[in-house]
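Dock chain B against chain A, hints included.
From first to last, the protein sequence lines stand for chains A and B.
Position 73 of the first sequence, counted from 1, bears residue number 73 in my numbering, the numbering being contiguous throughout.
Every position in the second sequence, counted from 1, becomes a number in my numbering once 1000 is added.
Worth flagging that the hints you see were computed from the coordinates, not collected in a lab.
There's no promise every hint is true.
Claimed, not checked - Here chain B is said to cover these stretches of chain A; the calculated rule only asks that three of the stretch's residues, wherever they fall, bring their Cβ under 8 Å from a Cβ of chain B:
# : stretch
1 : 59-65
2 : 176-185
3 : 277-288
4 : 663-670
Just so it is clear, the structure is predicted and the values come from calculations on it, not from any experiment.
Every residue, glycine too, gets a C-beta built ideally from N, C-alpha and C.
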Amino acid sequence: MSRKYRIVLAGNPNCGKTTIFNCLTGARQHVGNYPGVTVESKTGEFMLGEDEIELIDIPGVYSLSSSSPEEGVAFEELTKPGIDLIMNVIDSSIPQRSLYLSTQLAELHIPMLIVFNMSDEAKRKGLKFNIPKLQSYFGCSIVQTVGSRGDGIDKLKTALAESLLHLEDHDVPKLTYGADVDDAIHELVQWIEPAMTDRVHHIPARFFAIKLLEKDTCVMRLPEFQNLDAIIDAQITHLYARHAITAETFMADCRYAMISGACRDAISFTQERRREISDKIDAVVTNQWVGLPLFFVIMYLMFWFTFTCAAPMTAGIEWMFAWIQGLIERFWSPDAQPVLRSLLIDGVIHGVGGVVVFLPNILFLFLAIAFLEDTGYMARAAFVMDGIMRKFDLQGKSFVPLVLGFGCNVPAIMATRSIESERDRRTTILVLPLMSCGARLPIYVLLVPAFFAVKYQAFIMFLIYAIGVAFAMVAARILKSTLFKGDGEVYLMELPPYRVPTAKSILLHMWDRGVMYLKKAGTIILGVSVLLFIANNFPEKKTFDADYGTQMLAVAADTSLTAAEQAAAVRHIENMRRAEAAEYTISGRVGKFLEPAFRPIGFDWRVTTAAIGALAAKEVFVSQLGILYAEGEGAGDDENEDQQEPLRQQLRRAYTPLQGFCMMLFCLLSIPCLATLAIIRKELNSWKWMFLEAAGLFALAYVTTFIVYHAGLLLKIGTNHLL
Amino acid sequence: MNDDKAPAGKAGESACNVMNPGECTLAELPVGETGIVISMKPSLRGRKKFADVGIVPGTRLEMEAHAPFGGLLRIKVMESSLSIHRDDAANIIIRRQDPS
Chain A
1 MSRKYRIVLA GNPNCGKTTI FNCLTGARQH VGNYPGVTVE SKTGEFMLGE DEIELIDIPG
61 VYSLSSSSPE EGVAFEELTK PGIDLIMNVI DSSIPQRSLY LSTQLAELHI PMLIVFNMSD
121 EAKRKGLKFN IPKLQSYFGC SIVQTVGSRG DGIDKLKTAL AESLLHLEDH DVPKLTYGAD
181 VDDAIHELVQ WIEPAMTDRV HHIPARFFAI KLLEKDTCVM RLPEFQNLDA IIDAQITHLY
241 ARHAITAETF MADCRYAMIS GACRDAISFT QERRREISDK IDAVVTNQWV GLPLFFVIMY
301 LMFWFTFTCA APMTAGIEWM FAWIQGLIER FWSPDAQPVL RSLLIDGVIH GVGGVVVFLP
361 NILFLFLAIA FLEDTGYMAR AAFVMDGIMR KFDLQGKSFV PLVLGFGCNV PAIMATRSIE
421 SERDRRTTIL VLPLMSCGAR LPIYVLLVPA FFAVKYQAFI MFLIYAIGVA FAMVAARILK
481 STLFKGDGEV YLMELPPYRV PTAKSILLHM WDRGVMYLKK AGTIILGVSV LLFIANNFPE
541 KKTFDADYGT QMLAVAADTS LTAAEQAAAV RHIENMRRAE AAEYTISGRV GKFLEPAFRP
601 IGFDWRVTTA AIGALAAKEV FVSQLGILYA EGEGAGDDEN EDQQEPLRQQ LRRAYTPLQG
661 FCMMLFCLLS IPCLATLAII RKELNSWKWM FLEAAGLFAL AYVTTFIVYH AGLLLKIGTN
721 HLL
Chain B
1001 MNDDKAPAGK AGESACNVMN PGECTLAELP VGETGIVISM KPSLRGRKKF ADVGIVPGTR
1061 LEMEAHAPFG GLLRIKVMES SLSIHRDDAA NIIIRRQDPS
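The following block holds chain B by itself, in its conformation from the complex:
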């Protein structure tokens, strides 16, 4: 199952280089910081599910915590806390906001 994910991750990294300044993937957002969803990479699986819970362009997200052993991330979306996987978060592009 990792075979499928590895190329997706690499594609993510290369795409990260061509992203505009101030933009990064959700997986790279440090704990405690916020960002606005810009777009989803085509490689994002289950995009409808994420869209249904409010992860659509323009939504403000806050990185709340990382789970032990790094798999899951906990993000705040529209007043509720969601846990999603880092591999999926790497396919969501956001613009970081000032901590202030």
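So that you can see chain A by itself, here it is in the shape it has in the complex:
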């Protein structure tokens, strides 16, 4: 008979819960070697024999209380009714610390299965476990696994099936915290039991007694226990007077004492060889003097890797799209369905193709970030950068989301949930869009080589990223000293040992990101490109202000001109006609309408419409320029030599390097894409903040670009074509 079970995966941060989750469900949730990768609960399903299992992965916590948002999520998930079993994953290379949570989970009296994960590391450290002894202690089965290699997963499944058969008559651990504490718990239980309502009835009174003894704020707030204050206080005063220790740490102390008792019996060291290699690497990486310079070298290498390694692949994709375009042009005559043909070539190929070309850059960027995440360097970077971050009133924990922001702002904003301090978290979210994300990368990769000589290119690219970071830091400082003033929270972050990332994990992450990018190109960017194509071409101008046809004929008839002069004159007239036609379209009208507002920052109507399109997704900026400039050469004007000219050369002709730089600056600082705005609204839970953020960033971008443009004009920097 098939049944449905609900199982929750609980454990410390960075103990490998998500790896186990992925092993069991076949899912591909993101994993990394630093605490706080999983910030919200994820659900997956798998079949165990004939039984259907619903597995819930929750954020890692050190304790079952509610002092941070993550702990809140975990606490809520674990105290919901209807959990059939808790799968408690522990990092068995640090058993003492990991079993601390197990003792609290055990008090819930929900059937449990303990997974001793990372057992290869425990073995390397020389740890030996007396599993039967530990099993009887915690009253549940224990399975040893190596999640990263998938070792022990079959045994885990067998043990799980076995545990599910004994849900009704599972063993209950008898944890004792010392005679007087046990008495106090017992005493409190007498008072709590009558006060329990149906809402909390699935949780043992003993669990609440312990939570009340350690003054857990979340449990203290429950209406059920409001009039028990006097009794609780009496017990607490009694206990603390005897032990001379303060409220919040008393139970923690008892639990650690209990575990160290258990560990003495059941865990032994066969040799003293702990984290040797990892510690040696760290002696350099987190060194007071070497740490920071090394960090900057690593960041530089990351970007160098992203640009250099991607170049040949980018060229390949460019060639492929040119080939497809050639094919279409050859077999689809310009006379048959000219609008559709033009939509396909100018709208789809120039719009979407222009964005897909940058896929290799995106892949390598995410490869580099995944490498930093999976080795464990990210936590070190937070450690060495904390000092600098504090100068800007941020802290090391803000740093990981900021680096993730180079990849994509959306997951980066979600990653801020690991920051305990609400002020720091809000500040980090608000400045995060200034971190130049992967979607802005195509804009720079298109524009930098278009306007700058090879020797300046790396510098300009670096400058753009640096400007984003600098603005983010200054903005954080301003936010923290005005709107989010106040004392910070306690800083506590674990530095996991270095681990060799599995190729599978890194490649999968890269692959998923690549697929996501292509999906975006095939949906949002394709859709917006088609819309923009329509906006760029319609309504069509039928009657022109000037009779260009007659003018052209007049030029052709003018025998006083040489052939070259004639051609130039014809081109000039043709351009005027095209400009008039373009201004008549929706894009032209909107662009022209807004142009006076954007002219002061060096934008013409074309760039203005591109900047508007970039709201949907930043890459659309590139698409729109691609469409517009393919357009500019005129459909059906096949003999025109400009037709095949790459976009960059046309941009070079149309704008100065100063204007090009201003475009990049504006795209960097201005309103982020809609997806980012949506996640900002969600994470700050406020429409007001989202609109303020958008308005603030737009103002920042406009003012900055205005200053740079006019300073450039005044000093004559980059005003000549070709720099």
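Quick look at chain B alone, frame taken from chain A:
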């Protein structure tokens, strides 16, 4: 935010003088040396958090490193490395152990 911390730091220093010989705050423990947690000063914020990760009386700690610009300390607690802030470490009293 520094206003709140300054008096706490001073209180720490004066308390340091009345501490027993061989005792000091965690912030004063040199890199590479170990100590046993004796007690927490009442001024320690977030004591529950520290207790949850194993910083309770009787725990052995090792100072592993200082971060650049001095803010963070890296300590080894029960086989794992934690980074905590110097201001908080100044509220944790330890007994130094012989380097041997």
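Hints versus structure:
1. 59-65: holds (count 3)
2. 176-185: This one is violated; 0 residues, fewer than the three required, reach chain B with a Cβ under 8 Å.
3. 277-288: Holds, because 6 residues of the stretch 277-288 of chain A bring their Cβ atoms closer than 8 Å to Cβ atoms of chain B.
4. 663-670: violated (count 0)
Going through the hint list in order, the structure does not satisfy hints 2, 4.
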